[in-house]
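Chemist: Protein chains in written order, with full-length UniProt numbering: chain A, 1 to 343; chain B, 1 to 343; chain C, 1 to 343.
Do not take every clue at face value.
Just so you know, same-sequence chains aren't split out, so a pair can sit in one copy or run between any two.
Stated by the list, open to error - Pairs of lysine-lysine residues, derived as DSS-like cross-links and limited to a Cα-Cα distance of at most 27 Å, are as follows:
1) K119 with K2
2) K148 with K343
3) K316 with K240
4) K228 with K316
5) K2 with K321
If you're looking for bench data, these hints aren't it; they were derived computationally from the structure.
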Amino acid sequence: MKTNPGRFFEDYRIGDVIRHAVPRTVKMGERAMYHALYPARHALYSSDAFAQSCGLPFSPLDDLIAFHVVFGKTVPDVSLNAVANLGYAEGRWLQPVWPGDTLRSESTVIGLKENSNGKSGNVYVRTIGLNQHDEPVLEYVRWVMVRKNDPAAPAPAPIVPELKTSVPASDLVIPKGLDFTNYDFTLAGEPHRWGDYAIGERIDHVDGVTIEEAEHMIATRLWQNTAKVHFDATFREDGKRLIYGGHVISMARALSFNGLANAQMIVALNGGAHANPCFAGDTIKAWSEVLDRADTPAPGVGALRLRLVAVKQGAKPFALKGEDGKYLPETLLDLDYWALIPK
Amino acid sequence: MKTNPGRFFEDYRIGDVIRHAVPRTVKMGERAMYHALYPARHALYSSDAFAQSCGLPFSPLDDLIAFHVVFGKTVPDVSLNAVANLGYAEGRWLQPVWPGDTLRSESTVIGLKENSNGKSGNVYVRTIGLNQHDEPVLEYVRWVMVRKNDPAAPAPAPIVPELKTSVPASDLVIPKGLDFTNYDFTLAGEPHRWGDYAIGERIDHVDGVTIEEAEHMIATRLWQNTAKVHFDATFREDGKRLIYGGHVISMARALSFNGLANAQMIVALNGGAHANPCFAGDTIKAWSEVLDRADTPAPGVGALRLRLVAVKQGAKPFALKGEDGKYLPETLLDLDYWALIPK
Amino acid sequence: MKTNPGRFFEDYRIGDVIRHAVPRTVKMGERAMYHALYPARHALYSSDAFAQSCGLPFSPLDDLIAFHVVFGKTVPDVSLNAVANLGYAEGRWLQPVWPGDTLRSESTVIGLKENSNGKSGNVYVRTIGLNQHDEPVLEYVRWVMVRKNDPAAPAPAPIVPELKTSVPASDLVIPKGLDFTNYDFTLAGEPHRWGDYAIGERIDHVDGVTIEEAEHMIATRLWQNTAKVHFDATFREDGKRLIYGGHVISMARALSFNGLANAQMIVALNGGAHANPCFAGDTIKAWSEVLDRADTPAPGVGALRLRLVAVKQGAKPFALKGEDGKYLPETLLDLDYWALIPK
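Kindly generate the complete structure, drawing on both the sequences and the hints.
Modeler: Below is the structure:
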């Protein structure tokens, strides 16, 4: 058999290092497409001149481009037979990705726990994205529930890694040279700076975008994520194509420009849940909550820890969870990240 | 409140200069997308080699890319609360936009006139697009009807600028170095030159394109135009997304290749009306009328003043206005521009 | 009449050389779009670093980008009035297309045969694609059935060129410098090498993609192929837009990654049939058959002759033709090509 059947739960071993195919050179074409698929307007990723005014040599590729490219490569090895994408933790952007960089991914199996039904188990991997110099650009932990191929395969000794609930502010990596002391708030689009955001403050980002099949498939392919369920309308019994969770992440993040235009760079992913599936025809809106604030050693640069929530049509303002503590049916995404913002 | 509520009629003052966010670096990715979204084939914008044979260092970005990028930036400050986009005048392309240029926009309020109902008023702005050297690349006047937030706000002294009905040929700016004396009509696609077009001549461009939601949203986001009405199917009561008028402009202009393949560069926008709204599913066709001809000092370069009309399915040949002088329901766009064409 | 009516059967003469409009510079933007429209993952076209490890200066543009660009230019002169696209033969990729190259096309009429009904005839053209140095990058023969405009026009002396059923392996042109001796099978995505494929072996590529209107139109425009039937929903009586056959070719080729990840470069097109029309909403799957194997003089480089079949929903495994020897209604494409693969 020449085609890839994907890995099943019993195929993983603690300590396995998986070098993922296929390396990918990313340039301005990918950036143009990203900005056409999402209403992305953060100035640092839009303008070379603006990035230079912030101490960078030119505009890097969007932080989430890096994430999607690195993530997409892991799909054939990690989630082809996944039942569910359970969580993210300890994500950190380690250096910008520049146009022309070639990215590849490696994952290490750091946790395994078979479910009590004996039909599946949870696999924890720590993934790093590397550039053409073999320098890490991104790392994160992800865990997924994966089917067993042979229900009789013996359960491995359960190992569940201890994961931080949030990346400590002191562990955030600030891009070399970043300096917000000459930041132009007018060109960036909003006057609000680090000190203007209070812990607990919530922001309704107001705008909405209705999702199309062509758009989520174009986006998902751009990251070489080829999971059938996103592309093949004959795959699910209901004839629907499930939208890649990363599409919702990027849409919500772009929508958050309206109210968080100066939260320029994502530098850590503390956690995240894809609360409900998203399908074409859904209209996505977003809101944010300020979870924490931290100073950084870089000139003029502060950090905000933000909850980013994506909801769909019918959601009430700031909808998240019900009284039972479970996500409401209109909640699509609950993401927890750190972003850099001028002080 | 952190999100942008947009400006209302009473928020504008004559002489106000608005520096619009967000600067944008445009490169070959944007060009590739433009040529994928529209059947754009004018040789000067398609081939570096062809552009070099016309005296340019290489192929500039399409004239309408410059327009859309500059226009898109003005939306959050000018038309977020607009009821209608009323007109354009005195538009001039002042120099080509090259791949790698970073564009930003500034608008000056040059006219204000409250409507007699006291609920809205017309705002006139002169917008300039600037590159990273702060050199102007484009200027135009646009006026829009904007809602008042507070109906009790006092009406300003009415000022309506005097605007030229057409840019005089002597004011057209010819790109530096442009020389059509070695123009290759075969490679450009048609044999018709300046002298072959007569004032009053009309050309049916024959081809049609049916519009998709994904395409107009991708295009509109590419120019960072984020007006809700284009993206959010829950925004209008009829559940339709209104298509950005610039999408119709670019589609009609690209369709006009068939019959005007040598009308290479748009150098002035004399006026324009978005006669009726356009929605996904509409099939756009176009026709042109030669309004005027002028010589230019550049070698081999003539200018045509053209009316470009976009119509939708059901339109009769050369449909424009009815006997009552009003636009027919099938008329989408009535644009008046100057283009450069080899003599 | 200023618009292009296209050529009719009686307008072709044996030996006519047609220089097609419009030359096109292709760069990384076109590559990014190609990889967003198709699940293209062959490593040589995805990563500069991988291409360098295979002896190339950097990653060339996908072989099918070259094909589509060269083909698209011929449409206004060859197939605007075509009733059917009948076949391909003797296609060879002669050198890689690099980002920044400008492509144009020329076709020579090599065969003419009027049909017995006197209403149409077959036109055979040999097309070459040329870069900005006037060096050939691609050549192929294509024949189409074209309508006559004047049924009374006299039939030309019938000339049907003798065409090879397959490009001999000795005629394959290997890109200069290509060397697969240090090929990294892990990064490429699969362990299967030339010696692992047996003549007669068939591979079901498993994955499927449902086709959207926006996607096939974006793709087709990207190659400046502007045939009405692909874009105008009012053109056909059934209101359907016929999908450009090349869209199906690229989709099937990209799907064949799963099982043929190492069949990196297409170097010859032996033949091909668009067996049935494809419409938006169809779900495309693909399978391949190994038709032949050949060695090449390049280090570590072998060649496989492959049949690539695209089918739509409802097709049985390895569906192709019925007992009557005719293509089954679910068969969309039957393509015969040579690809280079590491030994």
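Chemist: Could you figure out if K148 and K343 sit no more than 27 Å apart (CA to CA) within one copy, between two copies, both or neither?
Modeler: neither (50 Å within a copy, 34 Å between copies)
Chemist: Can you give me the call for K119 and K2, within, between, both or neither, at a CA distance of at most 27 Å?
Modeler: Only inside one copy: K119 and K2 sit 26 Å apart there, 48 Å across copies, limit 27 Å.
Chemist: Could you figure out if K2 and K321 sit no more than 27 Å apart (CA to CA) within one copy, between two copies, both or neither?
Modeler: Between copies only: 24 Å across, 45 Å inside.
Chemist: Between copies, within a copy, both or neither: which fits K228 and K316 at Cα up to 27 Å?
Modeler: between (33 Å within a copy, 19 Å between copies)
Chemist: At most 27 Å between C-alpha atoms: does K316 with K240 qualify within a copy, between copies, both, or neither?
Modeler: Both: 25 Å inside a copy, 22 Å across copies.
The structure does not agree with numbered hint 2 stated previously, though it agrees with all others.
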